[in-house]
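Undergrad: At position 102 of the sequence shown (counting the first as 1) the number is 103 in our numbering, and the numbers step up by one without a gap.
Don't read these hints as lab results, they were simulated from the structure. This structure is a prediction, so every number in the text was calculated from the model and none was measured. One or more of the hints may lead you astray.
[Stated by the list, open to error] Each pair of labels, with its calculated beta carbon distance range:
(1) E23 - V225: 17 to 27 Å
(2) K237 - G128: 31 to 41 Å
(3) K157 - R224: 37 to 47 Å
(4) F22 - S62: 40 to 50 Å
[Stated by the list, open to error] Below, simulated PhoX-like cross-link-like pairs (lysine-lysine); rule was C-alpha separation at most 25 Å, straight line:
(5) K201 - K94
(6) K58 - K164
(7) K94 - K64
(8) K118 - K58
(9) K167 - K126
(10) K140 - K58
(11) K126 - K140
(12) K140 - K167
(13) K131 - K64
(14) K83 - K229
(15) K167 - K201
(16) K58 - K131
(17) K164 - K94
(18) K187 - K229
(19) K187 - K58
(20) K118 - K237
(21) K229 - K58
(22) K242 - K164
(23) K237 - K140
(24) K118 - K229
(25) K64 - K164
(26) K140 - K164
(27) K94 - K118
(28) K187 - K140
(29) K94 - K242
(30) K131 - K55
(31) K187 - K218
(32) K94 - K131
(33) K118 - K164
(34) K83 - K118
(35) K157 - K201
From the three backbone atoms N, C-alpha and C, an ideal C-beta is built for every residue, glycine too.
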Amino acid sequence: MVIAVFLLSWFAFVYGFAILFENMYLIPLWIVVGPIPALFFVLFFLLLNFPILKYTKFTNSYKRYLTSSTAAFANHIALRLKIDVEGYENVPKDGILTLFANHKSYADPFIMMEVIKRPLTFTPKMGVYKLPLIGLWLKYLGAFPIDRTSDRNTAKAMVEAIKVVKEGMAMLIFPEGGIKDRNDIKMVAMRAGAYRVAMKAGADVLPISIQGTTDVKHRAPWRVTNIKVIIHPLKKYEDIKHLSTAELADEMFTIINNHL
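Let's have the full structure, built from the sequences with the hints guiding it.
TA: So, in structure tokens, the structure goes:
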């Protein structure tokens with residue numbers, strides 16, 4: 002939907018100025034300049050949706066669709082990503098679910114919001130909430146900020162995260178605790194505490210490997226970047242509940258890294 006809004010706005014700008022100036026030689030100029038006003042119109046369109054985002058449930062189907070559509074715009078128009086997905090059949094349509102993936106680029110959350118076709122939230126660092134409008138958007142999605150300077154705030158966010166997951170919201174967690182090395186696609190040592198949400202909520206666990214995101218910073222937005230998302234078989238809670246968080250972290254580390 003958001004991509005369609007962008008393209009229609011671009012076309013409307015070119016068509017309107019072509020009629021206004023009645024000079025066919027200026028049409029290439031309007032085509033080149035057109036994405037700028039089209040982008041502003043997209044931002045205006047998203048702002049109009051903020052009241053809907055604010056007053057609807059986290060699991061609302063339109064909210065999920067708008068989020069996925071916005072992520073697709075960021076991925077394919079802004080960043081020029083070409084995304085290939087393997088194993089989508091492993092994503093359960095319902096149930097208590099947590100997803101764990103490697104994290105090497107700020108594009109990773111957008112990729113996952115497009116790929117996972119169910120209400121999805123995540124745990125960004127506190128600094129992201131200070132960005133204009135993005136902080137509000139994240140709040141309305143049910144995201145929980147991680148304040149690494151305060152154990153008390155982190156524990157409070159953990160309690161809220163467990164509650165939301167139990168209510169049916171899928172939660173994406175990057176267990177490395179941030180981007181550690183942008184040049185190495187492999188995961189580094191993970192934080193076992195990242196798996197507490199899954200264990201406390203009694204959630205199934207879905208490991209995911211994201212390939213190619215280390216290239217995004219070198220290629221976007223001028224060149225296409227090929228991304229591959231590998232969704233591994235689901236780990237049912239009943240099959241992992243006997244594990245400690247450290248043991249579960251080791252298992253996820255092996256599964257995810259073996260496909261990077």
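Undergrad: Give me the numbers of the hints this structure contradicts, sorted from smallest to largest.
TA: 1, 19, 21, 23, 28 and 32
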